[in-house]
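If you read the protein sequences in the order shown, they are chains S and R.
Position 72 (the first sequence) corresponds to 71 in numbering that gives the first Met the number 0; numbering is contiguous.
Position 237 (the second sequence) corresponds to 236 in numbering that gives the first Met the number 0; numbering is contiguous.
A few of these clues could be false.
The list treats identical chains as interchangeable, and a pair is accepted whether it falls inside one copy or across any two copies.
Below, in silico cross-link-like pairs of lysine-lysine (BS3-like), each with a Cα-Cα straight-line distance of 30 Å or less [claimed, not checked]:
hint	residue 1	residue 2
1	Lys188	Lys110
2	Lys259	Lys287
3	Lys233	Lys259
4	Lys12	Lys308
If you are wondering where the hints come from, they were derived from the structure by calculation, not from laboratory data.
Note that the structure is predicted; figures quoted are calculated from it, not measured.
There are 2 protein chains.
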Amino acid sequence: MKCTVCKDPAFIKIPRHNAAFCETHFHEHVLRQVSRTVKNYRMFENHGPILVGVSGGKDSMGAWKILSELGYHVIAVHINNGFGAYSRESEEKVRRFSDQQQLPVHVYTFKALMGCEFDEACRLSGKPPCSLCGTVKRYFLNRLALDHGCNTLATGHNLDDENAALFSNVLHWYIGYMFRQSPVLPAEKGMAARVKPLVMMTDREMQKFIEMHQIEAPKSVCPHSKGATSPVYKDTFNSLAARMPGIKAEFYFGFLRTFKDQLPLPEHRESEAEPVNRCPICGYKTIKPDKCFICDLKERIAAEKEAGKL
Amino acid sequence: MKCTVCKDPAFIKIPRHNAAFCETHFHEHVLRQVSRTVKNYRMFENHGPILVGVSGGKDSMGAWKILSELGYHVIAVHINNGFGAYSRESEEKVRRFSDQQQLPVHVYTFKALMGCEFDEACRLSGKPPCSLCGTVKRYFLNRLALDHGCNTLATGHNLDDENAALFSNVLHWYIGYMFRQSPVLPAEKGMAARVKPLVMMTDREMQKFIEMHQIEAPKSVCPHSKGATSPVYKDTFNSLAARMPGIKAEFYFGFLRTFKDQLPLPEHRESEAEPVNRCPICGYKTIKPDKCFICDLKERIAAEKEAGKL
Chain S
0 MKCTVCKDPA
10 FIKIPRHNAA
20 FCETHFHEHV
30 LRQVSRTVKN
40 YRMFENHGPI
50 LVGVSGGKDS
60 MGAWKILSEL
70 GYHVIAVHIN
80 NGFGAYSRES
90 EEKVRRFSDQ
100 QQLPVHVYTF
110 KALMGCEFDE
120 ACRLSGKPPC
130 SLCGTVKRYF
140 LNRLALDHGC
150 NTLATGHNLD
160 DENAALFSNV
170 LHWYIGYMFR
180 QSPVLPAEKG
190 MAARVKPLVM
200 MTDREMQKFI
210 EMHQIEAPKS
220 VCPHSKGATS
230 PVYKDTFNSL
240 AARMPGIKAE
250 FYFGFLRTFK
260 DQLPLPEHRE
270 SEAEPVNRCP
280 ICGYKTIKPD
290 KCFICDLKER
300 IAAEKEAGKL
Chain R
0 MKCTVCKDPA
10 FIKIPRHNAA
20 FCETHFHEHV
30 LRQVSRTVKN
40 YRMFENHGPI
50 LVGVSGGKDS
60 MGAWKILSEL
70 GYHVIAVHIN
80 NGFGAYSRES
90 EEKVRRFSDQ
100 QQLPVHVYTF
110 KALMGCEFDE
120 ACRLSGKPPC
130 SLCGTVKRYF
140 LNRLALDHGC
150 NTLATGHNLD
160 DENAALFSNV
170 LHWYIGYMFR
180 QSPVLPAEKG
190 MAARVKPLVM
200 MTDREMQKFI
210 EMHQIEAPKS
220 VCPHSKGATS
230 PVYKDTFNSL
240 AARMPGIKAE
250 FYFGFLRTFK
260 DQLPLPEHRE
270 SEAEPVNRCP
280 ICGYKTIKPD
290 KCFICDLKER
300 IAAEKEAGKL
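In isolation and in its complexed conformation, chain S is listed as follows:
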């Protein structure tokens, strides 16, 4: 197997592009793909610094490096949830990468942001861990973006992640979520734009990319990941892609082109696609009629502390 560009021995074969690349040309290919994604979806039209949420995993570390190399002013933020060894290792890998690449990172802990440990917040909110973690991260990454003067927040979601999310929404016909799914959600009052510059890259490509650059991702896995359905959906698409190499991109980008752009969302369902209320405390968009979920939870945490229960 030879590199499509220079005919040197190939480091990776990419059947859906009918191509193979050596390390040098794979690196170029990845930068070109991300650059094209950024341009196609007008991700960074606002200029200014970009906040990148860095979990320590291959995708967010990759996004951090790629966007920095493409010349963007990246401000990296890591939130440590306090999930024992997994969180310690994640923070350590993030700090090591930061030192190695001379790219600064801001580290926050769940406890400092919310006022209590994750497990307590889980109990108080009644939410399952993955749901709470997602909600808290989305909220604080937005808040930290604004605090750091960034009007754009970039995350490391790749094509496999977006495919799995879309497939889950389609399997259950969560029409509202489907209309909300996009590689770019524009900025608005109190909300940074949310963009996914790796949406044309697969899990496997990102894995090979960080391996090639000796970027270390945590070896341990999140203690809450057991029983998650996302890997099932990813496996489904990996099996399909083995038979139909372009199917992941066809499903996801076809959805954006056809479903999202051409089907009108019926009026009575519009609120599902777009929360219209604003939290009276923090100004965050919410589907709740009053305070947003985070402000409400923080109040309850404060009250429990006041009552000596925490």
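Put chain R on the given structure of chain S with help from the hints.
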């Protein structure tokens, strides 16, 4: 494993219904499911005889038996495509079942209907075999339904078939086909209603049903089935269903409830969902501006014969 109803040893376990049945109660369950489907989707509101297209496979043989047992006046029709041993065996199984159950069947050949052998028609039309077979069967089953005084045409499509078709349409976002997919298409001028009474039954349930009744389906497979994508999609859903027992029904019936009923098809795409032209020769609905595909092909076959080329 015991029957959920009578506690006798179970013949089949059905995880999505959280149930198991002995032979007697499985038979009752199948009849109840089909009866419920017929009622929910108002499949036979027009009364009168129902034409059932019988290929010889487990589903159409099952539909023939079940609808007859439910008391409907069924007229069974088999079309022999002339695919060598496979077609001979299919016709033989259909005739044997007909004798055994004392249910009459009308047998037609592709050659008698179209005027030439299947391979010649394939060559002349330029269509792949599966596409030609589907088009010809849809056309003539409708025509034969009307000729036999039936305003309803029932086929053996089951939940796995419909899921696979829906999944294929969703993967490629064939929105027009999605809007056309339904367990019941109402009758209109020159068109019998098309209904799928087995849409709540899975492949496995139908297989067990015909085994239980010693109904023999052909052992050979269609010589054109190699490379078909439908089994890939069926495998996909079988893998998912092993983890999420209700997922097939959730995907398919959720689609009918949510997507089809709640999303309006944009005006500029309406012709995709519903062909609006009528063939000037036979009156069949067509997306073509003039003669329908079948009338056009029959004319070309006649011309080739006239010219001594066939």
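Against the structure, the hints come out as follows:
Proximity of Lys188 and Lys110 under a CA criterion of 30 Å is satisfied intra-copy only: 27 Å inside one chain copy versus 69 Å between copies. With identical chains, the CA atoms of Lys259 and Lys287 are at most 30 Å apart both within one copy (25 Å) and between copies (28 Å). Within a single copy, Lys233 and Lys259 get their C-alpha atoms as close as 22 Å, and across copies as close as 27 Å, so both meet the 30 Å cut-off. With identical chains, the CA atoms of Lys12 and Lys308 are never at most 30 Å apart, being 57 Å at best within one copy and 49 Å at best between copies.
Of the numbered hints stated above, the single one contradicted by the structure is hint 4.
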